[in-house]
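Colleague: One letter stands for each residue in the lines below.
2 protein chains.
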Amino acid sequence: MSKKQDNKISPMEQDYNQWYLDVIQAAQLADYSPVKGCMVIRPNGYALWENIQRTLDEMFKDTGHVNAYFPLLIPENFFQKEAEHVEGFAPECAVVTHGGGSKLEEPLYIRPTSETIIWSMYRKWISSHRDLPLLINQWANVLRWEMRTRLFLRTTEFLWQEGHTAHATEKEAEQEALRMLEVYRKLAEETLAIPVICGTKTEKEKFAGAEHTYSIEAMMQDHRALQAGTSHHLGQNFAKAFDVTFQDEQGQRQFVWATSWGVSTRLIGALIMTHSDNKGLVVPPRLAATKAVVVPILSKNADSGLMLSEARKIADSTGLGRAIKVDERENLSPGWKFHHWEQRGVPLRIELGPRDLENHQVVLVRRDTGEKLFVPQDGLKDKVNGLLEEIQQNLFNRAKAYRDEYTYVVDDEETFRAKLEDPGGFLLAHHCGERECEERIQAETKATIRCIPFDAEQEEGKCLFCGKPSHKRVIFAKAY
Amino acid sequence: MSKKQDNKISPMEQDYNQWYLDVIQAAQLADYSPVKGCMVIRPNGYALWENIQRTLDEMFKDTGHVNAYFPLLIPENFFQKEAEHVEGFAPECAVVTHGGGSKLEEPLYIRPTSETIIWSMYRKWISSHRDLPLLINQWANVLRWEMRTRLFLRTTEFLWQEGHTAHATEKEAEQEALRMLEVYRKLAEETLAIPVICGTKTEKEKFAGAEHTYSIEAMMQDHRALQAGTSHHLGQNFAKAFDVTFQDEQGQRQFVWATSWGVSTRLIGALIMTHSDNKGLVVPPRLAATKAVVVPILSKNADSGLMLSEARKIADSTGLGRAIKVDERENLSPGWKFHHWEQRGVPLRIELGPRDLENHQVVLVRRDTGEKLFVPQDGLKDKVNGLLEEIQQNLFNRAKAYRDEYTYVVDDEETFRAKLEDPGGFLLAHHCGERECEERIQAETKATIRCIPFDAEQEEGKCLFCGKPSHKRVIFAKAY
Chain B
1 MSKKQDNKIS PMEQDYNQWY LDVIQAAQLA DYSPVKGCMV IRPNGYALWE
51 NIQRTLDEMF KDTGHVNAYF PLLIPENFFQ KEAEHVEGFA PECAVVTHGG
101 GSKLEEPLYI RPTSETIIWS MYRKWISSHR DLPLLINQWA NVLRWEMRTR
151 LFLRTTEFLW QEGHTAHATE KEAEQEALRM LEVYRKLAEE TLAIPVICGT
201 KTEKEKFAGA EHTYSIEAMM QDHRALQAGT SHHLGQNFAK AFDVTFQDEQ
251 GQRQFVWATS WGVSTRLIGA LIMTHSDNKG LVVPPRLAAT KAVVVPILSK
301 NADSGLMLSE ARKIADSTGL GRAIKVDERE NLSPGWKFHH WEQRGVPLRI
351 ELGPRDLENH QVVLVRRDTG EKLFVPQDGL KDKVNGLLEE IQQNLFNRAK
401 AYRDEYTYVV DDEETFRAKL EDPGGFLLAH HCGERECEER IQAETKATIR
451 CIPFDAEQEE GKCLFCGKPS HKRVIFAKAY
Chain G
1 MSKKQDNKIS PMEQDYNQWY LDVIQAAQLA DYSPVKGCMV IRPNGYALWE
51 NIQRTLDEMF KDTGHVNAYF PLLIPENFFQ KEAEHVEGFA PECAVVTHGG
101 GSKLEEPLYI RPTSETIIWS MYRKWISSHR DLPLLINQWA NVLRWEMRTR
151 LFLRTTEFLW QEGHTAHATE KEAEQEALRM LEVYRKLAEE TLAIPVICGT
201 KTEKEKFAGA EHTYSIEAMM QDHRALQAGT SHHLGQNFAK AFDVTFQDEQ
251 GQRQFVWATS WGVSTRLIGA LIMTHSDNKG LVVPPRLAAT KAVVVPILSK
301 NADSGLMLSE ARKIADSTGL GRAIKVDERE NLSPGWKFHH WEQRGVPLRI
351 ELGPRDLENH QVVLVRRDTG EKLFVPQDGL KDKVNGLLEE IQQNLFNRAK
401 AYRDEYTYVV DDEETFRAKL EDPGGFLLAH HCGERECEER IQAETKATIR
451 CIPFDAEQEE GKCLFCGKPS HKRVIFAKAY
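Quick mapping for you: the protein sequence lines, in order, are chains B and G. Once you know that position 477 of the first sequence is 477 in the numbering used here, the rest is easy, because the numbers rise by one and skip nothing. Once you know that position 255 of the second sequence is 255 in the numbering used here, the rest is easy, because the numbers rise by one and skip nothing.
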């Protein structure tokens, strides 16, 4: 790391977009690559993805899923087989036309998602009800050619996981789609500390090729919505497109039922925009690769060798292993180091100065609140781990209170338009459910229906925009 | 899983290549994909890769490395910057010419390896000696257009890790290249139970763009060599190509020194061809996702509910968690199940029949030797874990003895040619070190120099082929 002063961060109140990019740069999470629309995920950013992967993969295995790997390249004609799917994805594909020095007979698409290649294999693997359910997940890179990109939120290449499951009945597929949405909710709320709303996408917003799409929706600090994960009940669409049938217990051939579901490196964007502040990144402890950093205060009068060895002992005593670091760098002031680790979002700072050494204490500083605590070195392990858990909870509670603050029940179009512009947020409104009406609102206001929340109560009302009857409120918002 | 009889496996003595493919199919490790040269890694195969990843990633972190992710697509002109590199890789690249519906201004190559894109970023990230060393690894897919492919061993797309490090001095880079080779040796020998020889590649065989290439070389059961991992000291070649310099402690600008190193899904091919037999796959316990399987012997007279619940208790008692399975399937005979799990390489089978239940014992059957042991249910956890460790050691020892059996010290060309044809193996021979001589031998015999072993003793001799002086024996073999 260079000694040069870390990057300045524009206040989010002043320029939210610049603030977001500044946080990413200051924390060294990602960088622009020489290839348009593609990003480099730097080690600090990748460490967040690794912990998302680890947490999620464990949850996938606990629910009986296994991982596999399917090819990056997909023959062009595979996309033609499912009508909605080709329409949705073909225009944004990157196309390989040459390989090994020759022109290919048929162009190959770099996967934008893998339903087609996976269902072409499921055709070989599934023949009996005994082969079902087939519960497969893939960790992979995908490409979708994007015109306007933004680090983590929308990049031409991104990393994700995509689950693709096959079932004997519609009911089982439906249960699977909902079960995986619940896995995503747990990941978002319990690990990333991002409160989310679970719900159903409208016809207009669903995945190209799905019967239903479910999603988790989060609110960012600029009051925009961000779709943080989706789970699709695909019906028999891909089974029919790829002729995947099984023999049921009565000996009858039937088409297989399917789901797919995914979350991506976009979650890192959601994480940044939920918790971070004008000092830089804030990472929830359960997701942080570095949960705490010890900064020894080296002064000219003090014995710096002793100070460093005490700092190392303190780090060891927390039991955090690789998740705690000692900043042993010389020629850098304590203030510079505090700033440095704050920008990188380390949840807890442990300061150790000459007086602390004398008093057998340390100073703990919380990244979330800035609160300073003077605590004895004895029993530090419990104190630190308890505090990390407290920070985790506080981040979730804070984000939830924030979201609730900017969620409005609106009952007329005028209020809808006013609130949408200022301050923005989630608008709970009645809607007729018609695509044309939804499209018109989006064209006029840029608001989309984020979802029809699962927990929306039955309530008779009228569409705010066309007056037709409605039975539930949906969530409107401007979205990333 | 279908009830249909598992696949037959051709004996390896009869048709080694067919045996290899049969083992892969029977164990459901991989499948051919609709895209020429690309494979699908099925869940059983991917589980092996996951455990390789987990083990290796831990070792990378223990040696101070961090993970990152760089773009899949690389501008064509990047390859031109390093002369040997472009010559080595450009002909085997897949080329993207269209994206988002339009022709691209400059074609993009799908990465065959990432030195160029990574060093273009290092230029931005490195400016001072304080930024060094930079120790980054990437887990990724890469593509090399292959004419003749073979599952796991040579496929157009494969998964790998590629480490790319930057150092202030030549010595540090050299130490890093050697340190990572040692990490690979440990992985191969201690986890995959594959004995390997560490050594230096000849000029002819080194990586396109490297100063030196080091490798680990293993012997397969058909006596061919397989390169299982490589580590390159890249000198200042990429730093010069991408103009990456740093200011040293004296304030002087200097070019950075580099290494790169990688292992791939090819290791799974090595694993299969080192341990497996005519019954199917054999997996060393440390790598196995399923380390043991309990097969309850359900007979018509016995209480099958009791038997299943006892089987589950026994599985729990081993403490193996997800790594032990109970085969509870009905309508399948015990014999069918034994065969099924043998083909899949599960290291240990635990049989539980009505008489075992009475005698409070189980029958353990080792996959490596077929040995049957009758052991009491009390203390099963220690017994099972001890046995798994014994199997791990036995597989390594057996493979090492096999390799040693087919390693020959040869001192004349006639013996060399005879041994190479029958039985084949590693031939320790003197060689002059000249490229032309090496090329001629390869053209005539298909043997290549696998490496100059680190532990080769200083020994005066004459090149077997041209009579020029030689100071060390090298290893010749036919290779995958």
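Hint data in this document are derived by calculation from the structure and do not stem from the laboratory. Watch out, some of these pointers could steer you wrong.
If chains are identical, the list can't say which one is meant, so a pair holds when it fits in one copy or spans any two.
[Claimed, not checked] Pairs of lysine-lysine residues, derived as DSS-like cross-links and limited to a Cα-Cα distance of at most 25 Å, are as follows:
# : residue 1 : residue 2
1 : Lys462    : Lys171
2 : Lys381    : Lys61
3 : Lys206    : Lys472
4 : Lys240    : Lys186
5 : Lys472    : Lys36
6 : Lys381    : Lys325
7 : Lys472    : Lys381
8 : Lys325    : Lys462
9 : Lys313    : Lys372
Colleague: Determine for every hint whether it applies to the structure shown.
Modeller: Do the hints match the structure? See the list:
1. Taking CA atoms no more than 25 Å apart as the test, Lys462 paired with Lys171 passes in neither setting, with 32 Å inside one copy and 76 Å between copies.
2. With identical chains, the CA atoms of Lys381 and Lys61 are at most 25 Å apart between copies only, with a shortest distance of 23 Å across copies and 31 Å within one.
3. Taking CA atoms no more than 25 Å apart as the test, Lys206 paired with Lys472 passes inside one copy only; the shortest distance there is 19 Å, against 67 Å between copies.
4. Neither within a single protomer nor between protomers do Lys240 and Lys186 lie at most 25 Å apart by alpha-carbon distance, with minima of 33 Å and 48 Å respectively.
5. Taking the shortest alpha-carbon separations for Lys472 and Lys36, neither the intra-copy value of 43 Å nor the inter-copy value of 51 Å comes in at or below 25 Å.
6. In the homo-oligomer, the alpha carbons of Lys381 and Lys325 lie at most 25 Å apart inside one protomer (15 Å), although the nearest pairing across protomers, at 37 Å, exceeds that limit.
7. With identical chains, the CA atoms of Lys472 and Lys381 are never at most 25 Å apart, being 49 Å at best within one copy and 56 Å at best between copies.
8. For a Cα distance limit of 25 Å, the shortest separation of Lys325 from Lys462 qualifies neither inside one copy, at 57 Å, nor across copies, at 55 Å.
9. Within a single copy, Lys313 and Lys372 get their C-alpha atoms as close as 21 Å, which meets the 25 Å cut-off; across copies the closest is 50 Å, which misses it.
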